[in-house]
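Got chain A sorted already, so can you dock chain B onto it with the hints?
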Amino acid sequence: MALALQQLINGLTLGAVYGLIAIGYTMVYGIIGMINFAHGDIYMVSAFIAVTGFTLLAAFGVHSVALALFVVLALAVLFTSVYGWAVERVAYRPLRGSARLVPLISSIGMSIFLQNLVQLTQGARVKPIPPMITGGVDLLTVDGFTARLSYSQILIVLVTVALLAAFTWLIQRTSFGRRQRACEQDRTMTALLGIDVDRTISLTFMLGAALAAVAGVLVTMYYGVIDFYIGFVAGIKAFTAAVLGGIGSLPGAMLGGLIIGLIEAFWSNYLSAEYKDVATFSILILVLLFRPSGLLGRPEVEKV
Amino acid sequence: MPATLAERGRDAAAAAAIALLLGIPMIGLTTVDQGGALRVQTRWPWLAVFVIAVFCGRWLLRYGLDRLRTRRTRARSDSTGTAARPAPGGRLPGALAWLTFGISLALPLVFSDNRYVIDTATTVLIYVMLGWGLNVVVGLAGLLDMGHAAFYAVGAYAYALLSTRFGWGFWEALPVAALIAAVFGLAVGWPSLRLRGDYLAIVTLGFGEIIRVVLLNGAEFSGGPNGISQIPRPSFFGLPFAPPGEAPTFAAFFGLEFSPMHRILFLYYVILMLALLTNALVLRLRRLPIGRAWEAMREDEIACRALGMNVTHIKLSAFALGAVLGGVAGVFFAARQGFISPESFTFNESAIILAIVVLGGMGSQFGVVLASLVLVLLPEIGRDFAEYRMLLFGAAMILIMIWRPGGILAQREPTLRLAAKDRRV
Numbered sequence: 001m002a003l004a005l006q007q008l009i010n011g012l013t014l015g016a017v018y019g020l021i022a023i024g025y026t027m028v029y030g031i032i033g034m035i036n037f038a039h040g041d042i043y044m045v046s047a048f049i050a051v052t053g054f055t056l057l058a059a060f061g062v063h064s065v066a067l068a069l070f071v072v073l074a075l076a077v078l079f080t081s082v083y084g085w086a087v088e089r090v091a092y093r094p095l096r097g098s099a100r101l102v103p104l105i106s107s108i109g110m111s112i113f114l115q116n117l118v119q120l121t122q123g124a125r126v127k128p129i130p131p132m133i134t135g136g137v138d139l140l141t142v143d144g145f146t147a148r149l150s151y152s153q154i155l156i157v158l159v160t161v162a163l164l165a166a167f168t169w170l171i172q173r174t175s176f177g178r179r180q181r182a183c184e185q186d187r188t189m190t191a192l193l194g195i196d197v198d199r200t201i202s203l204t205f206m207l208g209a210a211l212a213a214v215a216g217v218l219v220t221m222y223y224g225v226i227d228f229y230i231g232f233v234a235g236i237k238a239f240t241a242a243v244l245g246g247i248g249s250l251p252g253a254m255l256g257g258l259i260i261g262l263i264e265a266f267w268s269n270y271l272s273a274e275y276k277d278v279a280t281f282s283i284l285i286l287v288l289l290f291r292p293s294g295l296l297g298r299p300e301v302e303k304v
Numbered sequence: 001m002p003a004t005l006a007e008r009g010r011d012a013a014a015a016a017a018i019a020l021l022l023g024i025p026m027i028g029l030t031t032v033d034q035g036g037a038l039r040v041q042t043r044w045p046w047l048a049v050f051v052i053a054v055f056c057g058r059w060l061l062r063y064g065l066d067r068l069r070t071r072r073t074r075a076r077s078d079s080t081g082t083a084a085r086p087a088p089g090g091r092l093p094g095a096l097a098w099l100t101f102g103i104s105l106a107l108p109l110v111f112s113d114n115r116y117v118i119d120t121a122t123t124v125l126i127y128v129m130l131g132w133g134l135n136v137v138v139g140l141a142g143l144l145d146m147g148h149a150a151f152y153a154v155g156a157y158a159y160a161l162l163s164t165r166f167g168w169g170f171w172e173a174l175p176v177a178a179l180i181a182a183v184f185g186l187a188v189g190w191p192s193l194r195l196r197g198d199y200l201a202i203v204t205l206g207f208g209e210i211i212r213v214v215l216l217n218g219a220e221f222s223g224g225p226n227g228i229s230q231i232p233r234p235s236f237f238g239l240p241f242a243p244p245g246e247a248p249t250f251a252a253f254f255g256l257e258f259s260p261m262h263r264i265l266f267l268y269y270v271i272l273m274l275a276l277l278t279n280a281l282v283l284r285l286r287r288l289p290i291g292r293a294w295e296a297m298r299e300d301e302i303a304c305r306a307l308g309m310n311v312t313h314i315k316l317s318a319f320a321l322g323a324v325l326g327g328v329a330g331v332f333f334a335a336r337q338g339f340i341s342p343e344s345f346t347f348n349e350s351a352i353i354l355a356i357v358v359l360g361g362m363g364s365q366f367g368v369v370l371a372s373l374v375l376v377l378l379p380e381i382g383r384d385f386a387e388y389r390m391l392l393f394g395a396a397m398i399l400i401m402i403w404r405p406g407g408i409l410a411q412r413e414p415t416l417r418l419a420a421k422d423r424r425v
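Taken in order, these protein sequences are the chains called A and B. Position 18 (the first sequence) corresponds to 18 in our numbering; numbering is contiguous. Position 201 (the second sequence) corresponds to 201 in our numbering; numbering is contiguous.
Next up, chain A with everything else stripped away, as it sits in the complex (with noise of 0.2 Å):
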């Protein structure tokens, strides 16, 4: 019972994480119908500035564990937004109205680009960073394993929650909003209708990143380890989290992540943990063949 307890905080703060990740993928291959593959990266290079930033901190003496953590958060979204521009500017866009496959392929071009760009300026090998919180809650004990909510799992699902709201909120009800949900529904007509389509799209990509770079410091924060690597993995994982969910949904990206996550946790405890991915991709199959646009997802209405 305790055991279950904790698989589903640790499965639950895993998913917020990945579900953080998928909404930068839905909302690309929302507006743009593309998968951007390099959006792990993106994550990726946001957990490298975390590290830095943290370690920056902490030589110039700041103690206060909550200051450190807002203005890394503030330099990673920043910093990361400008690399989700970059990204779309230079790789994306002298493309747009190509044929599909052509985007997906210079993506892969991008995350294979940054995976080595991070690893050529900032080393190929393993970032620690000392735990910055520590300590939690005890749930519950039974026969002897004690259920344990940490301080920064509750940060997480906080920080989780508060940005979905800012981010409902953003696509709900700003123009920016309105905007970008036109630009996803007919990206002629918002043209036509005088939107700046381009950059519409970029600040959709910055949006991701924003997220994403979220992520990415909460990760660093959470594991204290990092590497060039986490992207790919964790980039797969949230799309397949989007994909579960329906692409192009953004509640369903979020359902997703947490269906991933606690997947992930159960089995690992329960089955394996070297089969973990295996379970994954298992469901997602699965889900795909009997739902085949997602969870959440629309079905395509196919129009001769």
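Hint data in this document are derived by calculation from the structure and do not stem from the laboratory. Hints may contain errors.
As the list claims (entries may be wrong) - Just the calculated beta-carbon pair ranges, DEER-fashion: (1) B:Asn348 x A:Leu289: 21 to 29 Å; (2) A:Leu120 x B:Leu193: 40 to 48 Å; (3) A:Arg178 x B:Ile52: 40 to 48 Å.
To be verified - Cross-link-like lysine to any residue pairs, in silico, SDA-like; alpha carbons within 20 Å at most: (4) A:Lys276 x B:Ile210; (5) A:Lys276 x A:Leu286; (6) A:Lys276 x B:Ile126; (7) A:Lys276 x B:Pro225; (8) A:Lys276 x B:Gly218.
C-beta: ideal position from N, C-alpha, C; glycine also.
Chain B alone, transformed into the frame defined by chain A:
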């Protein structure tokens, strides 16, 4: 209209400002491990070099683009708008293909002592095989498969297990391994029947990862992360390539002096033959009803259904054939390396194969050859500055896509068209 100096300067300055923002966290700052704890190190001179390089690069790019545009506008106004799109060089790829064929036949004769050249050429041919296999699925049938390395792995492991456990030879194992790969192809193809586009992409990607993870963890049959070693090398119709011993060897039989190059050259010709067979097969199939059906389905699946074509068979046959070709390449890979591990069949491998198909121009057989040459030789040339080669590889993928979005040889034409002008049909 050519931009003024000030405009170009502003444009380049904007690019430099972005470069500064991009560069600060990655180039300007880094963390180094110092006695267990990290310490921040600054590299401002490098950052300055980077920003200046971006400024100059952007300026030159802008300048070049403007020049190109004015020249194009002038050329267009000269020709009064009517003519002057050069006819696509229909015969040229044909002649080039024969030339390449000739070179590939003659290559071992010229470089018979140069092991490095032959080895690299063999690698190119493996990728050509893989590319042609995937080309059937992606290029002809239009099904986005991002896990082609899975079939490659299935072929390689099938041969490795058959040969190390049951003592099968290369030639006996080849058709069986191909058959096993085909079964896996059908297993992936089956869920694909209901999926479209990107959903299919993620399912095939997931399938590729599943295969890799199972190989990585199924230690009792696949050797886990250590892989399988001491896989027997192919023999020349029963004559092994070995130093002279008791059993008759290739060198002894033909009265040659033993040389390790014999096997390398033999392997090269084996893969060349396999690749040529593949090419002949695919080109033939494209003219059969099934090949026509693939292309028709790529262009419009709904129309195919409406015409009463069996989409199930079409999709599954494309997947099965792609898998067989990938599997054959895998068998050859295992036999050539003598050692395989899951490391060789990661998603990167699938991405490279997909890149070969798309860079070459989807559906173009010769394009795959060109793209394999580019993608294999690029990292080889870059070996001198080995650290940068994957970086350049990624950048090259983006740049080629920007310059030639249709692939090096853009040939997305149906093989058959009504009232064809040229008699290519």
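Hint by hint, where does the structure go against what was stated? Just the numbers, ascending.
6
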